[in-house]
Amino acid sequence: MTATQERATVREPREEVPPLLRVTDLSVSYAPPRTGTSLGTGAALTGACLEVRPGEIVGIVGETGSGKTTLARATVGLVRPVAGRIEFAGRDMGALTGRALRDFRRTGQVQLVFQDPLRSLDPDLTVAELVREPLDVAGTLPRRERQERVVESLRLVGLDPDAVLDRRPRQLSGGQRQRISLARAISTRPQLLFCDEPVSALDVSNRNLVLSLLDRLRTELGLAVVIIAHDLSSLAGIADRVAVFYRSRVVEQGPIRAVLEQPAHPYTGLLTASAPSVRHEDRLRPEQLRPEPGGRAWPAHGVCVFAARCRFAHDACVEQPSSRPLDPPHESGREAACHVAGAWRDRLTNPHPDHQEEAS
Amino acid sequence: MPERVLEVRDLQVSVGDHLVAVQDVSFEIGRGESVGLVGESGSGKTLTCRAVLGLLPATGQIDHGRIVLGAGGDEVELTGARRTTWNQVRGVRLGAVFQDPASYLNPSLTVGHQLAEQLRVKRGLSKADAHRRSVELFTEVGLHDPASVFHQYPHQLSGGMLQRVLIAISISCEPELLIADEATTALDVVIQAEILELLRRLRQTHGLSLLLVTHDLAVVAETCERIMVMYGGQVVETGPTAQVLADPRHPYTRALMGVATVGTWQRRALEVIPGQPPAAGEQMPGCRFAPRCRWATDACVAGPVDLGDLGAGRAARCVRVDEALDEPVLEPAREPVREEVPA
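Sequence order for the protein chains is A and B.
Counting from 1, position 188 in the first sequence corresponds to residue 188 in this note's numbering; the numbering is continuous, with no gaps.
Counting from 1, position 282 in the second sequence corresponds to residue 282 in this note's numbering; the numbering is continuous, with no gaps.
Source of the hints: derived by calculation from the structure; they are not laboratory data.
Here a beta-carbon is modelled for each residue, glycine too, at the ideal position from N, C-alpha and C.
Don't take each hint at face value.
Stated by the list, open to error - Partial chain B-side listing against chain A, Cβ under 8 Å, derived:
1. GLN152
2. PRO154
3. HIS155
4. LEU157
5. GLY159
6. VAL190
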């Protein structure tokens, strides 16, 4: 193997490592239809596939109601899927029921971190009690070692244990509270951390602080981390891969930089074009990607989920495309659910206004 | 400068037991102008805009200063205004939209009813006229199928649609000034871009002035002509947005630029502003940013620092404002911090 090839393979997602979490064709419905029919109106997740490897950060983006949180809830066993498999560390989670499921949850191998720590942390408990609680539930650590673990977890999230142990959530700042949530989540030394919008309620500076912390924790603890977030730019700073959700489907996924720099699905294109920026660089504008007014009306079911908002929707889009791997020159490991994945760029009609001026 | 719509002079707001939370804030907004007020939570940006709206929390009060809406014959002094004055101003000459649209609407009334009510009470339209005008306004704010949206309840609409409804309500009486306090923070980026575009369009079509309050520098960069950066209850830098962002003169503005969304998709070390902002009412003799500032000197903490005029509409509250401070504003994109991920 030459040096160049060697360097190229380092960038590859570590496919030789078996995934810690493997979600295959997962469908969840909050209003389950009768057996044998389609998913019905309550479909929150349709045919979602996602793999997360140890030490990897996978970002999840998408609008409200696109199924991001449902995936998190299904992974930790809070909702039962209608179809599909969730494998965690080689075990089929769907096979776990009753006591087995409860026992698995209590081990705290998968932890969930929520958006608003003020609402997810018990206001009556002190920080010491909050961080200790998952350890008491798991019961795997001898009692006298639990306090040490609490202190260690607080240090890992960059807090001074002596200063915060006796405080209650309301006596802490927003950034500190979210770090307490993290300390609580990592106290059981989980293998997978699912963070549901962990930074949406924080200021930019604290946002970056918490995200950098997650980046550090995955290295120090070998954690696999899934982060649901809105801020694409900060996410791109730390994540390895990204999955883009739209209307209950994963419409695109792959290495984050490649996906955001060269979006293959028009919705991803719209997302990156809409992200505000302090720099005004040459990039796609949202207007270029919105459908022209008076476009055709699409039926509510069966068609591509994005058709009604897609400028490039055409006859083929009456059928929902399945997620397919992209061919080179796209980076490997990318896939998108679009009939004209990537190719829509050639159909962009109105060029950038600056370019237009130059041309005229 | 175009006709003045709002003038705020030497505003000082205190909360609780005389804790000064906003001090020495002065600015003007001209007709059709958009001004962005940026800062971290606790910087006083929301209190400033609440003072303008006369909606300070029960423990808050204006210690001194002037807030004047309009100019010439239409001038209204808002500090210490009576309830009857507020009734003629709020919702009529001053519109406002906030972060969580659902909590500003009555869940048991249709959204159309709530817009029509405003038109009937404040503008005296008949029921039929109010209905017709409501549908027009819903169309104008870009709601799809406005005639049926009129009959829907808040819970039937998405966050982005509700924000459009609130914008329709707040512009229904043709206000001179619209205050948007974190109006797009809770929305996802696609909807946020649409709402910002709507605000831009309304400014053009209605000659509406905009005071946009946000923690997101990138949103101001996309929307506002002028920017005011607040820190610890004071305005620390102000000027035309493009110039301020191209060459920030206050270290805090620089720090904010460092943590702001830059629109690159590279793996990089995420910047953090070290330390915590001062608490409301914290007594500090000198610059309030000094404890977190990498360029702070003894002169910075010796005494109060004034907002120094820099010409061309710019001003900054920094002792070392005339010195060329090192460090580029935006560091060139770094190489990926770490290529390999532990197996």
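Structure-based check of all given hints:
no. : hint   : verdict
1   : GLN152 : 17 Å, violated
2   : PRO154 : 15 Å, violated
3   : HIS155 : 13 Å, violated
4   : LEU157 : 12 Å, violated
5   : GLY159 : 6 Å, holds
6   : VAL190 : 5 Å, holds
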